[in-house]
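J.: Protein chains in written order, with the working numbering: chain A, 1 to 775; chain B, 1 to 227.
Just so you know, these hints were derived from the structure itself, not from any lab.
It is possible that some hints are incorrect.
What the hints assert, rightly or not - DSSO-like cross-link-like pairs, simulated, lysine-lysine; straight-line CA separation at most 30 Å:
no. : chain 1 : residue 1 : chain 2 : residue 2
1   : A       : K107      : A       : K267
2   : A       : K597      : A       : K558
3   : A       : K9        : B       : K127
4   : B       : K138      : A       : K9
5   : B       : K68       : B       : K218
6   : A       : K9        : A       : K107
Note that the structure is predicted; figures quoted are calculated from it, not measured.
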Amino acid sequence: MFNLTLMWKQWQQHLGKALWLTCGFALCCALFALCMQFGSILFQPTPVWVSQSHQYFTLARVQQDGRLAGINRQALLAAEQMDNIAQAGYLFPRPAQLMLPDGTEHKFNLVYFSPGLPDLLGLPLSGDHEKGVYISEAMANLHFASAEAAIGQRLSHPRLAHGLVIQGILPASVNQLGPWQNDVFLSGEYMHMLAPFTNEPMLSRFLLAVPGYYGILVANPKAQLKLSAEALTERLSAMDLSVQGMRMDTAGSKLLVLPGIQLQPEKFTHLYRLWLLAIVLLLGLAVLLVANTTALFSHQAMTEMENNRIRLVLGADMLHLLRPQWLMAAIMLTLMASIAWLLLKLGLAALHQLQELAQYLQTSDLSTSSGYFVIAILVMAILLGCCMHIPLWQMLKTTLFNRQMTKAASRGQLMVGQAMLCLQLCLATGIVSIVFAVAQDRWRFEQQSNLPPDLIQQSVAQRPRSVLIQPLLSGQYPGLAKGDLALSDRAFDQPISLMIEDPRFSKAVEVGVLRVSPSYFALLSLSGDRPPPDWQQGVIVNQAAAALLQDAGFEKIKGSRLDIGFEGKQNIIGQAANAPHTGRYNAPMPMLYLPLKGADNERHTELHFYFASSPADSLEQALETWLQSAMPGARITHKRPITDVVAAQDRLANQLLGGAALIALLLLGVVVLNLYYQLKAKFSLQRLDFGIQLAVGAPLFVLYWQNVRGNLISLLVAIGLAALALNWLSIDGLTFSVMQTLASGLFLGIVISLVTWLPFIPLQRTTLASLLKQH
Amino acid sequence: MNNLIHLRQASKTFGQGATTHNVLKGIDLSIDAGEAVAIVGPSGGGKSTLLSILGLLDKTSGGEYQLKGQNVNALTRRQTSILRNRHIGWVFQNFSLIGSLSALENVALPLRYNPSIPPSDYARLSKQVLEQVGLADKLHLRPDALSGGQQQRVAVARALVNQPALLLADEPTGNLDSHAGEAVMQLLLECHQRGTTLLMVTHDNGLAKRCQRQIFLKDGRIFDAAD
Chain A
1 MFNLTLMWKQ
11 WQQHLGKALW
21 LTCGFALCCA
31 LFALCMQFGS
41 ILFQPTPVWV
51 SQSHQYFTLA
61 RVQQDGRLAG
71 INRQALLAAE
81 QMDNIAQAGY
91 LFPRPAQLML
101 PDGTEHKFNL
111 VYFSPGLPDL
121 LGLPLSGDHE
131 KGVYISEAMA
141 NLHFASAEAA
151 IGQRLSHPRL
161 AHGLVIQGIL
171 PASVNQLGPW
181 QNDVFLSGEY
191 MHMLAPFTNE
201 PMLSRFLLAV
211 PGYYGILVAN
221 PKAQLKLSAE
231 ALTERLSAMD
241 LSVQGMRMDT
251 AGSKLLVLPG
261 IQLQPEKFTH
271 LYRLWLLAIV
281 LLLGLAVLLV
291 ANTTALFSHQ
301 AMTEMENNRI
311 RLVLGADMLH
321 LLRPQWLMAA
331 IMLTLMASIA
341 WLLLKLGLAA
351 LHQLQELAQY
361 LQTSDLSTSS
371 GYFVIAILVM
381 AILLGCCMHI
391 PLWQMLKTTL
401 FNRQMTKAAS
411 RGQLMVGQAM
421 LCLQLCLATG
431 IVSIVFAVAQ
441 DRWRFEQQSN
451 LPPDLIQQSV
461 AQRPRSVLIQ
471 PLLSGQYPGL
481 AKGDLALSDR
491 AFDQPISLMI
501 EDPRFSKAVE
511 VGVLRVSPSY
521 FALLSLSGDR
531 PPPDWQQGVI
541 VNQAAAALLQ
551 DAGFEKIKGS
561 RLDIGFEGKQ
571 NIIGQAANAP
581 HTGRYNAPMP
591 MLYLPLKGAD
601 NERHTELHFY
611 FASSPADSLE
621 QALETWLQSA
631 MPGARITHKR
641 PITDVVAAQD
651 RLANQLLGGA
661 ALIALLLLGV
671 VVLNLYYQLK
681 AKFSLQRLDF
691 GIQLAVGAPL
701 FVLYWQNVRG
711 NLISLLVAIG
721 LAALALNWLS
731 IDGLTFSVMQ
741 TLASGLFLGI
751 VISLVTWLPF
761 IPLQRTTLAS
771 LLKQH
Chain B
1 MNNLIHLRQA
11 SKTFGQGATT
21 HNVLKGIDLS
31 IDAGEAVAIV
41 GPSGGGKSTL
51 LSILGLLDKT
61 SGGEYQLKGQ
71 NVNALTRRQT
81 SILRNRHIGW
91 VFQNFSLIGS
101 LSALENVALP
111 LRYNPSIPPS
121 DYARLSKQVL
131 EQVGLADKLH
141 LRPDALSGGQ
151 QQRVAVARAL
161 VNQPALLLAD
171 EPTGNLDSHA
181 GEAVMQLLLE
191 CHQRGTTLLM
201 VTHDNGLAKR
211 CQRQIFLKDG
221 RIFDAAD
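Input sequences plus hints: build the corresponding full structure.
T.: As structure tokens, this is what we get:
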């Protein structure tokens with residue numbers, strides 16, 4: 001109890017800062033646990049769908065933008081023959097048009113596997129892999145009554161006399177293999193249906209030469225030498241892997257062996273950079289906190305120095321002096337652990353929202369790991385312990401009888417202090433620059449939305465089936481005049497994201513794609529070109545997409561042809577204004593609008609209707625009647641003004657800015673508080689010196705300048721370091737300029753000047769006689 | 001009489017190399033239990049240094065120091081702390097009270113560092129000794145609410161609470177007016193009369209003369225009072 005009282009008495013002056021630092025340590029702890037958990041999944045040598053443990057290698061070609069492409073079979077055979085390679089297998093993704101038992105044809109994503117691959121990887125497939133195919137549960141539910149009903153059914157292909165018998169349903173873990181969605185998983189024995197030839201030996205030569213295989217190699221566990229991916233790459237690159245008489249274009253890519261099973265190294269690189277960024281932030285934060293906490297405990301030890309000396313004189317030992325500190329540390333740790341646990345939960349929830357991460361990791365196993373949390377807490381406890389003990393230890397080393405209690409810092413201490421201040425200011429400059437960049441981007445991209453405020457988006461979902469939309473679009477349906485209503489196949493804020501690969505682009509570009517009815521542009525008040533009323537062919541691009549095309553060297557936009565992957569080559573028939581699909585504060589998404597043809601052979605699982613809310617009663621009534629007749633069983637999932645849809649996107653942008661500003665504020669608060677406490681401690685030690693200088697006629701400004709000068713020099717160095725660091729980190733989606741860093745520096749300069757002035761305020765109110773009094 | 005303190009050829013040096021300063025130069029001193037000794041001399045003569053060595057706040061640079069027959073130079077830091085806690089009471093010129101604690105808490109501090117005393121006795125023993133020094137009504141006041149004389153009486157009470165064999169006072173009246181100084185001096189002499197050995201550094205010849213023996217210290221050496 002006495003220790004608790006003593007602790008309270010010793011710390012009551014510093015409770016605010018202690019609480020602030022506790023929150024900082026909690027953030028650090030949560031970030032550390034998060035980084036460990038994220039890292040453990042990111043650096044797993046095998047993806048979650050592999051359940052065997054071997055030393056794997058991935059053999060593929062790498063393109064200029066970092067994405068993988070397939071190799072030919074010849075390369076795989078060559079690798080299989082190499083020393084120290086025990087086994088080899090492959091995956092071969094390729095979409096194909098298959099006919100369902102009901103006679104409808106659909107394009108499905110097929111992934112072929114080498115016969116031994118399921119065993120090699122430990123894929124949980126039931127039955128004989130050679131006697132049939134496996135389909136995903138999603139495909140079974142979409143196209144068959146149920147998963148059970150799909151088993152035993154046949155998928156037809158013109159080149160297969162007996163079709164493909166559905167042998168089983170794929171486990172959820174195999175639904176996505178790397179970047180490929182896996183609708184149909186089938187043995188490589190069926191690959192001959194891909195080939196343009198049917199006659200041997202052309203067929204075999206074609207399958208040997210086609211560059212679509214992603215090799216998976218297994219190292220021989222008994223091998224004397226440990227295999228390296230680099231050595232394998234070197235040896236395979238030196239071989240002639242061409243197939244005589246078959247020349248397939250693989251220009252712009254080179255053969256590469258990667259350690260483990262990596263089918264998306266470009267995503268790994270991106271996530272790895274994200275992880276690295278988090279580690280840099282974590283280290284910066286840890287350094288800041290350690291510096292601040294050591295300063296706090298040093299200040300506290302200095303304040304308590306005389307009291308502790310008295311206690312030592314009276315017979316106290318080190319344990320007696322440490323107990324109140326331990327108690328404080330224990331309270332800080334308990335509080336920190338509670339806050340950190342909450343932050344970790346929030347962080348994991350945020351990671352779940354990171355679609356890219358979820359897609360890459362293909363796992364929902366991001367639950368809070370108590371193991372990592374405990375490790376993080378222990379590390380924080382050690383850091384806190386060091387911060388607490390070092391100043392006290394220094395103090396205990398001095399003798400109890402010393403006439404000249406040296407309070408001035410040594411040269412080394414001063415240099416370390418200045419370096420720490422510099423580092424803190426560098427972090428603060430960096431984070432303020434990021435906030436400025438986010439704010440500037442938001443201001444730059446902010447667009448006025450001309451969307452009519454009374455426009456309603458009504459979303460309807462149904463089981464996949466065809467819907468004859470034509471009468472609705474042409475104004476033939478009673479109560480629905482032509483132009484009253486617009487339709488799209490996806491919601492306004494959820495266009496399909498598509499990578500366009502055109503030789504004119506230096507790398508594949510991501511665009512949004514929406515199929516819309518011709519009246520879409522008029523109803524949404526989007527200025528620019530309008531499609532014809534009987535729009536069946538051609539694509540309308542928005543201004544952002546047009547700018548992208550111009551940058552890529554398209555001389556004219558209208559009339560150019562664009563290869564849109566699954567849609568083939570399309571003519572650009574017009575250019576429309578940017579609509580705020582991603583909200584008003586984000587960079588407008590390049591959009592391609594394709595016609596929603598409304599033919600009865602197209603299946604739809606969702607449709608989105610747009611109409612003005614006023615006068616809408618009769619229109620809504622007519623639409624409801626149409627829905628009942630044309631889409632029986634469909635349900636309305638959403639019905640809200642389009643402005644609400646945009647506002648929801650804007651909320652996300654606001655949260656991003658708010659989050660960045662909050663982190664900046666936290667860091668800035670730590671830096672400012674630390675600087676203030678350092679100055680305050682320095683002032684209490686130099687009180688007499690100040691008194692003497694003032695007594696001999698020094699103006700107060702000179703004393704102020706003596707103190708602020710060093711801090712401003714540190715800031716100048718910090719600005720340089722921050723500019724270099726931001727340039728090195730080059731955060732995706734943010735544009736940094738020297739002006740932003742300078743503006744951040746100027747802002748911090750003002751903050752530092754004000755903070756340095758704060759301790760001078762009480763000095764002005766103190767009499768010279770009091771300053772000159774020895775304490 | 002038995003020797004409580006025995007110092008032989010004790011020296012103390014501060015600094016190194018060119019800045020070496022010999023504060024004590026081969027001091028021989030013996031003090032018996034129950035004696036009252038005043039150390040006097042000019043400023044810079046080594047009085048406070050000698051007292052700090054005798055009170056186990058510092059160690060000699062050379063020579064031997066025996067307290068109650070024990071060679072203190074051979075003791076560890078912890079053993080020194082225990083010896084100081086159990087057998088030595090300190091009174092400083094600047095009172096050296098902890099500002100955030102009440103008079104009672106300040107007095108109880110040495111008891112807290114003495115495991116042989118049960119915590120239930122802390123308050124009773126502290127009150128007892130505070131009553132002895134005439135501060136029974138100031139138990140819960142903090143030092144800043146007490147006068148200088150009262151603060152020094154709290155310091156004396158704290159020095160006595162563990163019933164030490166040796167009471168050391170470094171200029172105990174230096175910061176007090178004559179009236180308060182006299183009261184404190186009276187207290188110290190009363191302790192001595194009850195059997196405690198008193199060793200006091202002072203500039204005041206009047207106070208020194210009230211002790212049984214005076215030691216004159218100049219330039220780090222002891223001179224006879226007659227010299």
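J.: All hints, please: hold or fail.
T.: Here is what the structure says about each hint:
1. Restraint check for K107 (chain A) and K267 (chain A): the C-alpha separation of about 26 Å stays at or below 30 Å, so the hint holds.
2. For the given pair, K597 (chain A) sits about 21 Å from K558 (chain A) by alpha-carbon distance, which is consistent with the 30 Å threshold.
3. With a C-alpha separation of about 22 Å, the suggested pair K9 (chain A) and K127 (chain B) falls inside the 30 Å cut-off, and the hint holds.
4. Annotation: proposed proximity of K138 (chain B) to K9 (chain A) holds, straight-line Cα distance about 20 Å (limit 30 Å).
5. A threshold of 30 Å between alpha carbons decides the hint, and for K68 (chain B) with K218 (chain B) the separation of about 26 Å falls inside it, so the pair holds.
6. About 75 Å separates the Cα atoms of K9 (chain A) and K107 (chain A), which puts this hinted pair outside 30 Å; it is violated.
Hint violations for this structure: number 6 only, all remaining hints satisfied.
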